[in-house]
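Each chain, written out:
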Amino acid sequence: MAETTYLEAIRQALFEEMDRDPAVVLLGEDVGVYGGAFKVSAGLLERFGWERVIDTPISETGIVGAAVGMGYAGLRPVVEMQFIDFIACCFNQITNVAAKSHYLWGAPVPVVLRGPCGGGVHGGPFHSANPEMYFVHTPGLKVVCPATAYDAKGLLKSAIRDNNPVLFFEHKFLYRRIKEDLPEGDFAVPIGKAVVRRQGRDLTILSYAAMLYTSLEAAAQLEKEGIRAEVIDLRTLLPLDRDTILASVARTNKLLVVHEDTRTGGIAGEIAALVTESAFEDLDGPIRRVTSLDTPVPYAESLENYFLPNVAKVVAAARELAHY
Amino acid sequence: MAETTYLEAIRQALFEEMDRDPAVVLLGEDVGVYGGAFKVSAGLLERFGWERVIDTPISETGIVGAAVGMGYAGLRPVVEMQFIDFIACCFNQITNVAAKSHYLWGAPVPVVLRGPCGGGVHGGPFHSANPEMYFVHTPGLKVVCPATAYDAKGLLKSAIRDNNPVLFFEHKFLYRRIKEDLPEGDFAVPIGKAVVRRQGRDLTILSYAAMLYTSLEAAAQLEKEGIRAEVIDLRTLLPLDRDTILASVARTNKLLVVHEDTRTGGIAGEIAALVTESAFEDLDGPIRRVTSLDTPVPYAESLENYFLPNVAKVVAAARELAHY
Amino acid sequence: MALTLTREQHLELYYFLRLNRELEDQMARLFRQNKILGGLYSSRGQEAVSVGTAYALGPGDWIAPMIRNIGALLVRGFKPRDVLTQHMARFTSPTQGKDGTSHFGDLKVRHVVSPTSVLGDLIPVMTGIAMAGRYLGQNVVAMTWIGDGGTSTGAFHEGLNLAAAQKAALVLIVENNQWAYSTPVARQVPLRDLAGRARAYGIESAIVDGNDVIAVERAARKAVAQARAGQGPVLIEAKTMRMMGHAQHDSAEYVPKEMLALWKQRDPLDRFEKFLTRNRLWDAKTKKEIVARIASEIRADVEYAENSPFPPAELAAQGVYCEGCHTVEADWKRPKQEVMPPRSNVKPEWRIRASGETKAPRHSVHGVHSVKGDQAGAKPKSQGKSLRSRPSAKAER
Amino acid sequence: MALTLTREQHLELYYFLRLNRELEDQMARLFRQNKILGGLYSSRGQEAVSVGTAYALGPGDWIAPMIRNIGALLVRGFKPRDVLTQHMARFTSPTQGKDGTSHFGDLKVRHVVSPTSVLGDLIPVMTGIAMAGRYLGQNVVAMTWIGDGGTSTGAFHEGLNLAAAQKAALVLIVENNQWAYSTPVARQVPLRDLAGRARAYGIESAIVDGNDVIAVERAARKAVAQARAGQGPVLIEAKTMRMMGHAQHDSAEYVPKEMLALWKQRDPLDRFEKFLTRNRLWDAKTKKEIVARIASEIRADVEYAENSPFPPAELAAQGVYCEGCHTVEADWKRPKQEVMPPRSNVKPEWRIRASGETKAPRHSVHGVHSVKGDQAGAKPKSQGKSLRSRPSAKAER
Ligand SMILES: Cc1ncc(C[n+]2csc(CCOP(=O)(O)OP(=O)(O)O)c2C)c(N)n1
Ligand SMILES: Cc1ncc(C[n+]2csc(CCOP(=O)(O)OP(=O)(O)O)c2C)c(N)n1
Ligand SMILES: [Mg+2]
Ligand SMILES: [Mg+2]
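Residue numbers (our numbering), protein chains in the order written: chain U, 1 to 324; chain C, 325 to 648; chain L, 649 to 1045; chain F, 1046 to 1442.
Hints listed in this document are in silico derivations from the structure and should not be mistaken for laboratory results.
These numbers come from a predicted model, not from an experiment.
Among the hints, erroneous ones may be present.
Below, in silico cross-link-like pairs of lysine-lysine (DSBU-like), each with a Cα-Cα straight-line distance of 35 Å or less [to be verified]: (1) K935/L x K905/L; (2) K683/L x K637/C; (3) K363/C x K1378/F; (4) K193/U x K756/L; (5) K1381/F x K39/U; (6) K363/C x K683/L; (7) K1381/F x K363/C; (8) K936/L x K683/L; (9) K1332/F x K313/U; (10) K933/L x K922/L; (11) K548/C x K503/C.
Throw the hints in and build the complete structure from the sequences for me.
Right, dumping it as structure tokens:
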């Protein structure tokens, strides 16, 4: 069987869910005729028609608001942000309307908001955002960050079937770089479950999205030094999978969090709070984090490389921690 | 000398800075003729005229964008959000324009964005926000949360004189409840400095804004039980005052963070990460946090009281931690 | 002008107008007794807008009221007790005390979307409702309101523009009550008529005397019919006046007394009473009955509200997520097969132009409307050769 | 029509048009050689808009270009090397490699504000520049551009509306190039002319053939004069055509070939060359000189850029905050005392109406304009009595 890219896996999820349920519609800028800036929705217009694949004006607030309204009317809209950076333009609709709707008014918002996030492709300061923490900090949302093609497909299916607003961040660095054999037929990956990608006893490396691969590569290098790192893929950031995280720390007693998002206020903080408050006695060393710098994402390759985490930085931090 | 309220202190800072520097202007909804929804700018129009106190249309994005432009032209605009909740409507201008401008283009943005935040006054889910973490997680901004009248005045002056975009969150619960004797004459409080409000050896309680008072009251109760809590007022959330935090934890070896903001992704996480990575050996117990629930701010008194931190919750957490 | 409504409808309009007025008067009393939490906003003087517009809708249609549209909620079937328990934050309220004021809705039966406090939010949301309604074959109209001040928000623009681009069945009432808090309209936008906002979107608009409930109802009915017929969104500017402060705390000294005096003469209730009398649609006895009915309804509901418990504290922690407590189900009024492959396939929907050189996707399968491809063509004025290029989109990539 | 520019100016316009074209052609070559990072956007076919509009400004005026306005940057004094080093992410670029494309500015000398990628952002920002300019007595105009697609953003609406309410000296060029990425104008808004957007704000607008640099320059000059005179913002719709894909990666198969063929005949450079010849403003020798000059400038600057270093990695960590590295200083062109107490006191600025019953604050101290209080007054159409209420704001609270 041919291998399926991360991008193609997302496209398949959209196809299959739209085939399964006529309540699923897609809207966004250039998603129809063009098939989306990254071609994630290529072929959807041809198959499902313009009523279900809707090219919109450039109006993120309008689009997200309309998706909420469609959800109220019983549809399951999927919204594409052309680049996730532009989610800042509909921040109010997401945080004040979609997120609060069920709690306040008992009105579920079965909307998926998806789009390409992340750096490493020299997209510069306005096409490389990792905005997950803005939404992890907003009660009422779910936040999903898949790293594998399997998860991308299975989690998007779960997101579409979920009655709550789900932010689905697709790491654009992975779109065409990650390829896997996917099983035939329908499968879903539950939201809210992390997974151990590599077992180890010396320390836990928590990570997600593109940084999972950086972490795995670091773990492979560390092994050569005799350091056995356990690598966990968070997959969902909200709700966090406390159990998997705590169980791993209970085994390894050391924790390193790796995220591409900027440092201050990143998810490493929330995890540090979670672990120190719930498993303090399990810790045999400081919680470390390897993250991007606290700056906008710079454009030049030399700058962006310096800005981003990389294998060397992860190895160095893990080594220090293992020897602590 | 008559005591000055927190609100009046803010008004004085605006008055004095506008008196001192003709580059300082104020813009926002109903700030002129009406003097602002909370009357923070009462009398400013009369003194400084409509050119410097500008009633705008209801356009948060328009207002913040215009303030950035004014800043580019060498002015020092202060923007009032009528309620801080509506800052969600200009999230893009703040995070993509104001925050990135100096780093990317060397164009400083000497803009202050201020407005009433916080709960406890039954303002309901759209008039009680504590949005600080969205901005703490945005490199390029400064985030200030004063608790006292003195700090409100002194920090607002510093904010206005700063060449960077400063978010100045005024806790509306404190507006008329906090009164102090203020010194005559000009004074400024530096951004980025926390302060020890009460000394103690048994644990550190970190807090800010309205929760400072909850923490102090809890500390007073704890003292009766023989627990001596050190209470720190963060005052500035970005940049965080690492030194003061770490020095206190080095003394007390226990840390409790109290914030009114919702729990997941709140500042307690960042502080937990900071302390566990930089002062792990100083810790003699888990880092605890007392925060609001992970929900929108509910309207009914019974619900909001349950939602918010309070003295009893802080005392209970501190007691447990002290006896750890 | 000839009457277009029956006597019963006229009396019903009066009932709602008066119920709206009396309910709000009652709430002002409760506010002074500290029984209402937070702020209290008044629609005094604007009741004809809420009531007249909502009255023009059919049962399957949708509304999303703003804070001064309690009248619309009443027309839509909510009871004074719903409004009262909301404002008093009781457990029996539509939101169980989680939200206040007119922030409540009912997606399943009354088709009411809850407002937020953030001005403009509802316009894109109701556009989405209208788009979904068309997709589901429901033939419904979505109506919402916005203040003069709220028309300056980005959400207003994006929502209405999207509705226009999609020819969504949205009726937007711009309630021009002359003030946005303390800011007069002229400081918000240099337009004499806010109906002019519609021109940015190439959509229909109308201006109506917002203090004349019959004129309002008629204008709304026409707009609803246009929208339902697929002619796209309609904007109605209702000119009226906010007769109280922005909310109870605001004595509104910035409003000139002369202005209030002028508008007091145009009170929508007084005028409608005279209208009813002039047209012999009621007599003193009928009026008395309506007044008595309203009084007793409000009395009963105030009692109900006052006797209602506050919510249990633990409720605060519940309901952030829908975990199966609500169903998401669309009310299909057309065969689902129409939108499923192979029938949903785009190919039949591509329009081949006579000239053959361009093909543009249409917006509606029902033939209700189509976007003319040449609208986007350039017709530079200063050049000789007239140019008719047509934007298009090819199916093949 | 008689020529309004000198021969030198005409030749300068040609120089900029051609420099714009050749520079972008050169960048396309560099892109194919992988020497340009990220995306590359082309303004081929639209050069007359960038060049003609920017040319109409005075030295103290401000611009904020969009991605397809490299021509405007050149007119404003930036050199090919600035554009090249930016796109090639070199340390010598205006942003030292921190940002790319046309994302750079110069607040102090050239009065250029850097764009962001987020469509619409610049409109409120330039409104603020214009407001500050008036406050400081500078008598400057702020100009920016937006695509047809960008007019659907909330920022467009809020920014332009604020400019209108403030009568700010903003000139906004709507560059209608028929496409927003793959989306034709007709799918974005049902307006034949995007100049119609202006009607929502009661402001002046004009439509111009965007492929005729002389027409563009003339329209812009008029708009700039109007804005400078205090008549408020002006919107110019320039009709043109995006002749390439959205960016280099996009082969734009969705654009009908016929459409491209039609617009190719209207190429702004070809047309201006013919114009120059027809009007005997140049000869073959002059042309040759200009072409040679451009070629050598570009050659030199490409060499400069290619020899420029990439930024040192550690630069990434620097410059998040301004810690005194830049000064914030306003260029006062009026006495500061005018805006300081007691002279800034609002009292003299309140206008007492003849009738005496209303007083409204004016927007401008220079008497350049005033907002008419009665614009916000209600004039319901269906009522007999004409009503002229005036919104007002009392000085006393
Ligand atoms: C986006 C946003 N900004 C600010 C506010 C604060 N605010 C509440 S009501 C109001 C004035 C509204 O005026 P208008 O739209 O004319 O409605 P009216 O109150 O006259 O009914 C303002 C500024 C808000 N609710 N939402
Ligand atoms: C707010 C926002 N949403 C989406 C985008 C992604 N995007 C970049 S350019 C573009 C199309 C712009 O079309 P138009 O405004 O007509 O400008 P043109 O490219 O034709 O010059 C889009 C959708 C963006 N940059 N900003
Ligand atoms: Mg109003
Ligand atoms: Mg365009």
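Here's how the hints hold up against the structure:
no., hint, verdict
1, K935/L x K905/L, "holds, 31 Å"
2, K683/L x K637/C, "holds, 28 Å"
3, K363/C x K1378/F, "holds, 33 Å"
4, K193/U x K756/L, "holds, 33 Å"
5, K1381/F x K39/U, "violated, 57 Å"
6, K363/C x K683/L, "holds, 25 Å"
7, K1381/F x K363/C, "holds, 27 Å"
8, K936/L x K683/L, "holds, 29 Å"
9, K1332/F x K313/U, "violated, 57 Å"
10, K933/L x K922/L, "holds, 15 Å"
11, K548/C x K503/C, "holds, 26 Å"
Hint check: violations occur at hints 5 and 9; the rest are consistent with the structure.
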